[in-house]
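Participant: Chains as they are written, first to last, in my numbering: chain A, 121 to 353; chain B, 364 to 562; chain C, 1412 to 1504.
Hints may be right or wrong, so weigh each one.
If we take Cβ atoms under 10 Å as the criterion, some of the chain C residues that face chain A in the derived model are [said to hold, decoys possible]:
id, residue
1, Arg1416
2, Gly1418
3, Gly1423
4, Leu1449
5, Ala1450
6, Val1453
7, Glu1458
8, Glu1470
Honestly, the hints are just simulated from the structure, not real lab data. In this text, a Cβ means the ideal position worked out from N, Cα and C, and glycines have one as well.
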Amino acid sequence: MTGSRLETATAHTLSLRVDEWNGHLPGQHIDVRLTAPDGYQAVRSYSLAAPADDGVIEITVQRLPGGEVSAFLTDIAMIGDQLEIRGPLGNWFVWDQDDPSPVLLVAGGSGVVPLMSMIRARDRADIQTPLRLVHSVRTPQDRIYGDELTRLAAQAGGPSVTWLYTRTAPTTETRPPGRLRPSDLDDGSNWTSGATPICFVCGPTGFVEEAANHLLAAGHHADRIRTERFGGR
Amino acid sequence: MVHVTRGFTGRHPATDDRLPPGQYLTDDFPVLSAGPTPAIRRDEWTFSVTDGDQALRSWTWDEFMALPSEDITVDIHCVTRWSRLDTTWRGVAIDDLLADVDTAAEYVLARSYGGYTTNLPLEDLLDGKAWIAYEHDGEDLPAEHGGPARLLVPHLYLWKSAKWIKSLDLVEDDDPGFWESLGYHDYGDPWREQRYQGD
Amino acid sequence: MSEHRDGNALAGPLADIFTVEATTAEVQCRACGLSTTLAQLVVYGPEPGLVGRCPGCSEHVIRVATTPSGTWLDLGGATSFHFTSTATRASSR
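Okay, chain A solo, but in the shape it has when bound (with noise of 0.2 Å):
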């Protein structure tokens, strides 16, 4: 471990240098295993938040309430430690870069840190295919990469982001605070030029069921769509 930096308050971001890491895709994810000196183990996956850079990788980990495994590596771990790692894992929800389609990211909560991924290799490849995130949280200091994504957000050919919050929303927004709503993901705009857009789709189970719901009704195709959920501990 090489690094941690806190995102929110109770999101931190840990670097680690991996010795021969072959890079990896974006929006794919590591287990990373703890072993306590009786022998116990406790394993848990984490989505890595950006493409690889010269062998260190990063996840950033949300704290959950009585999470064993997030506890330690928020509250525990320091830097110089080794942690036991897999990865990279999965290559089904990730993000194909020479794909010209639009891509709609929707993030609940942490749900956030792959799709963040994508936006940061699409970022540092220069890709100018058309990408929006929805993100929802509960409130404006739950923004994780909040002012990252403003700064991307407002280059010339950046994504677009928006952000819904569920609990307490800035005073400067119009939308009233709540869950995700069909409009919240098709706000009439041409963003795709008509092209077919692929969906992403990260976040507790409750959420992706929601959203996936709401763009199978917006006309979204079941194959377009993509999602991870992930549990509550």
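Starting from the known structure of chain A, arrange chains B and C on it as the hints suggest.
Facilitator: Same frame as chain A, but now just chains B and C:
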């Protein structure tokens, strides 16, 4: 090669002598799911005891509620290492359900709504060691904890206490159930830490 | 409340067993015949084990448990797996 992670202990290891080895104490009641929680209406619920192909007896919900029941206070231990002490239940002792049953079977395969199964020695369900429980903490047993009714065998790891119980099949052979066929122990005694095959 | 995930969560344990990335393979449910990508299974777990269920009929298609002695794998709920050549190529990337 196993690499011990600096500073990682798992949850706080047991010090209470009522906790079996490797267990930690919790006050919540974690829910482990191997599938969707079945929605079972009480007016459609039945519970039966079978011996081979023969249905020995069967109860509707109302018939089951008319059986003598008892209050139960027991410690429970999950193979995922949490334990709860002094949990309270209400249910029917298996002794009462199997009274007068004459069988050569030595084992039981418990079957649940939703398809779950688990195998146990018949003698572990007798002599006041096991129940079909339908209340927990003075309330109807919630679906996520196995309601309307679940098997309760507190002296074995909790995966033996099948949620959403549908039948007890008396069988001659100790054929493995859902987790027992995927590496978990056939008996599952928490005090001998029988978590996995070979323990 | 049944918290479940997708077949993406099977990628790690299966990477120990298969030489190609398994979650993009197509799998057919033995119970109802539905074919789906492994990544689209409804997955429960990780403890005591990962149970991948058919999104159509909910029967279990694949089960994986990791114990101190190694990995236990049950593919009995599937009739077949189809590993496409594109999946094989992608995994070597």
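Participant: Would the hint on Gly1423 (chain C) be counted as holding, given a Cβ-Cβ threshold of 10 Å to chain A?
Facilitator: holds (4 Å)
Participant: Given Gly1418 (chain C) as an interface hint, is the shortest Cβ-Cβ distance to chain A below 10 Å?
Facilitator: holds (7 Å)
Participant: Can we keep the Glu1458 (chain C) interface hint, with Cβ of chain A closer than 10 Å?
Facilitator: holds (9 Å)
Participant: Given Ala1450 (chain C) as an interface hint, is the shortest Cβ-Cβ distance to chain A below 10 Å?
Facilitator: holds (3 Å)
Participant: Given Val1453 (chain C) was flagged as interface, is its beta-carbon under 10 Å from a beta-carbon of chain A?
Facilitator: holds (9 Å)
Participant: Under 10 Å, Cβ to Cβ, is where Glu1470 (chain C) needs to be relative to chain A, so tell me if that hint holds or is violated.
Facilitator: violated (19 Å)
Participant: Is the interface hint satisfied for Arg1416 (chain C)? The criterion is a beta-carbon contact with chain A at less than 10 Å.
Facilitator: holds (5 Å)
Participant: Any CB of chain A closer than 10 Å to the CB of Leu1449 (chain C)?
Facilitator: With a minimum Cβ separation of about 8 Å from chain A (threshold 10 Å), the hint on Leu1449 (chain C) holds.
Of the hints listed earlier, the one the structure fails to meet is number 8.
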